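Colleague: Starting from the known structure of chain R, arrange chain A on it as the hints suggest.
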Amino acid sequence: MSNMRFPPWAIWAMLAGLAGFAAMIAASVRHNRGVRRSLFAYPYGLWMVVFTIIPLLLIGYYAFTNKAGQFTLDNFKTFWDSNYEMNKQLIELGMDPQTLGSARGTVNVDTLVYSLWMAFLCTAICLFVGYPAALFMADREFKLGSTLVILFIIPMWMNFLLRTIAWMSLLEDNGLINTILSAIGLPRMQLMYNSQAVLLGMVYNYLPFMVFPIYNALAKQDGKLSEAAMDLGASPMLTFWRVTMPLSLPGVISGITMVFMPSVTTFFIPRVLGGGNTEMFGDLIERTFLSADNWNVGSALSLIMMILILMSLTLLRKVDPEGEGGSTI
Amino acid sequence: MTRIFKRGYLALILLFLYVPIIVLIIQSFNAGVSRARWAGFSLKWYVDLFKSPAIMNALYITVTIALLSAVIATIIGTAAAIGIHAMQKRPQAFMMTLTNIPMTMPDIVTGISLMLLFIFTQVKRGYITMLAAHITFNIPYVILSVMPKLKQMNKFSYEAALDLGATPGYALRKVILPFVMPGVITGALLSFTLSLDDFTISYFTTSPLVQNLSTLIYSEARKGIKPTMNALSALMFVALLILLLAVNRRVSKTQEV
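So the sequences go chain by chain: R and A.
Using the numbering used here, count along the first sequence one by one with no gaps and you end on 314.
Using the numbering used here, count along the second sequence one by one with no gaps and you end on 263.
Quick caveat, the hints were computed from the structure, so don't treat them as lab data.
Only a predicted model underlies this, so the values are computations on that prediction, with no experimental measurement involved.
Where chain A lies over chain R, by a calculated footprint (3+ residues, C-beta under 8 Å):
id : stretch
1  : 24 to 34
2  : 40 to 50
3  : 119 to 132
4  : 139 to 152
5  : 268 to 277
6  : 282 to 294
Computed Cβ-Cβ distance ranges for the label pairs, DEER-style:
id : chain 1 : residue 1 : chain 2 : residue 2 : range
7  : A       : 53        : R       : 230       : 53 to 59 Å
8  : A       : 49        : R       : 166       : 28 to 34 Å
9  : R       : 222       : A       : 163       : 45 to 51 Å
10 : R       : 7         : A       : 99        : 27 to 33 Å
11 : R       : 27        : A       : 157       : 20 to 26 Å
12 : R       : 231       : A       : 8         : 21 to 27 Å
13 : R       : 34        : A       : 165       : 31 to 37 Å
14 : A       : 39        : R       : 54        : 49 to 55 Å
15 : A       : 107       : R       : 131       : 29 to 35 Å
16 : R       : 166       : A       : 54        : 30 to 36 Å
17 : R       : 54        : A       : 18        : 55 to 61 Å
18 : R       : 138       : A       : 53        : 28 to 34 Å
19 : A       : 107       : R       : 7         : 24 to 30 Å
20 : R       : 166       : A       : 102       : 52 to 58 Å
All C-beta atoms, glycine included, are put in the ideal place defined by N, C-alpha and C.
This is chain A alone, in the form it adopts within the complex:
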């Protein structure tokens, strides 16, 4: 009895989370424009999607910014984590406080403060400014994913490598980096998804000429979202789902070995 209740409760919550998404996917196959009426099955929004330069352009910008910002933030962040870890106690505490500042800042304040910076320094807002903003909010997440791994590491294994004649660089490459790699990958994946989904910070740091999917959706929301957008998000959803399943399989395979 309690078991049925528990499962039913979880099922209800999942239903709550999935209903809007299912509705959205169904709408992407609706032949009519109206959200409310079902006018028959059609793939025409998927065809329109690939013909729409605005959406394709926004998709290109979203994906390239997500990739670039994830890669750059991962490099800077991993190096920073290794550096901070090697610091004395006091500068280390200072750097960690610095890392926590952007995490506690509301997105809207981050976005607006960056907008002020770009206007103040007369940098034209566009692709580069949006990329810089995304790198900025991604780096702390990379540091916070790599840091616990560094702390878990036995600090003597690095020293042992040095004692056995490894140069510090070789020891870094062969001892530290392999050990923290899971944290680095987590940080990179986290950065990629955060960047992909960001709206607020992008909104303030780009111009109307350079739009990612979120800002494009926002500007369309007032006129009414076109069903092509539903088609795109259904496709992206499925793509991410396949990616996750692939990653999961890889992980469970390596765990079995």
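Excised from the complex, chain R in its bound form:
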């Protein structure tokens, strides 16, 4: 591979480190002269400090400093008002931003609200479509439940970018759906480049993450419970609402978590299926970092994103304190 650019010593250093670690384990496994087992976790701890803790601290550092490295809250003010920096410069030049007419730029906040709304819609659709699917799969009369789980996993092996692009050839103006529509005499429709197309792409990608945990929660339920409810005279409807459904809630919660979190930061899908005004927060962060080359504001946006996700996680944990049903895939 001629165009891989990395110093050869880097590989050797890494391999040497790994070999050293492996030798340490092997030695302690073979002879074990009083090596405590908790030592085994140290390489991992070191790895996490270098590749998770320090990078996170870097984001925090850039979020609270300006380009000169001084402490500032301007990056968060820019999140609230994207024209903040410009207006600040205008004031420094002795001009009045009020008269020159750059009002509060709401693009960042709007993108966040739009992302949250899209993620909410995506989660809701996945729940309403996925719950019945999981319920029917877990049905004890239905023997193919575990086969269907595999059938749900298989599409996820196709590269997610390609799967999203494949939707293009279905939704395009000359795509499959429009060809079928015009063949049966219906008018062609504009299916791409709008929020609905982005939503479709999101639901398509995240639906399995809703179905699995719910299916797991339902499949491990003791069937005798619902039988007992029926024996005691409850209708199937009442049995579902009072027995089956409440017991599946941990699965629902973990499904919501697994769909909502990645969908807020959806990246790429809006670019392929969406139009000009469907940018989501993940794309905004990427654009701020790479196209606008503004690490400080980009870090502030990432931090806001993380705080929002942590908040929603804590909220969901409150509903499901044991964190059950998360044992999927």
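Modeller: Only chain A this time, still in chain R's reference frame:
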């Protein structure tokens, strides 16, 4: 009646999941370049595929990174799980929190934070940085697959082995490792597939010179994906399908015995 409705509903959802993939596979046999028009059956994209150095290079990088990161993450992660399991309650809780941090971080933040690290430390982004990033997001999954197995284990069986004269190392090898092996294998397979499919984190931790399939597809997406890419993903899809069937058969065979 309800039975037909239930099966029909599941069939519809499967149809929704599979239609884009079927379209993609059909397109890979289309002689024309246009996505919309069928210009006859042809294998020419499959021939082109093996002649394209960019795709072959990206395939090599994707597969080697997936293999290496899965192996390294499995070693570090399994050792970490055994270590964490042997810890006192408080450090154990701390390490598990540490493990959960990357799981709750959105991919894009993980990618960007690693990018900042590499730029900050002036490490040139490329193969090694991408490998390090993949190992980083894989380790927690290995730990979370091995940990439940360790907890299921009867803790006295390890002590019994010691009482019967085994050295701690021998007991680890003969008692703990065989018991947690299913978790280790799950973790390794999970790591491999996660690495194979990752786009966001790779995108931020590599340079345009070292591309895996995902980043290559991304850079081509703006110009329009070439049908050779469809051919490749159809091939990979079939390869993974065969792998899964083989693994499944092995599993059901061992269960029968």
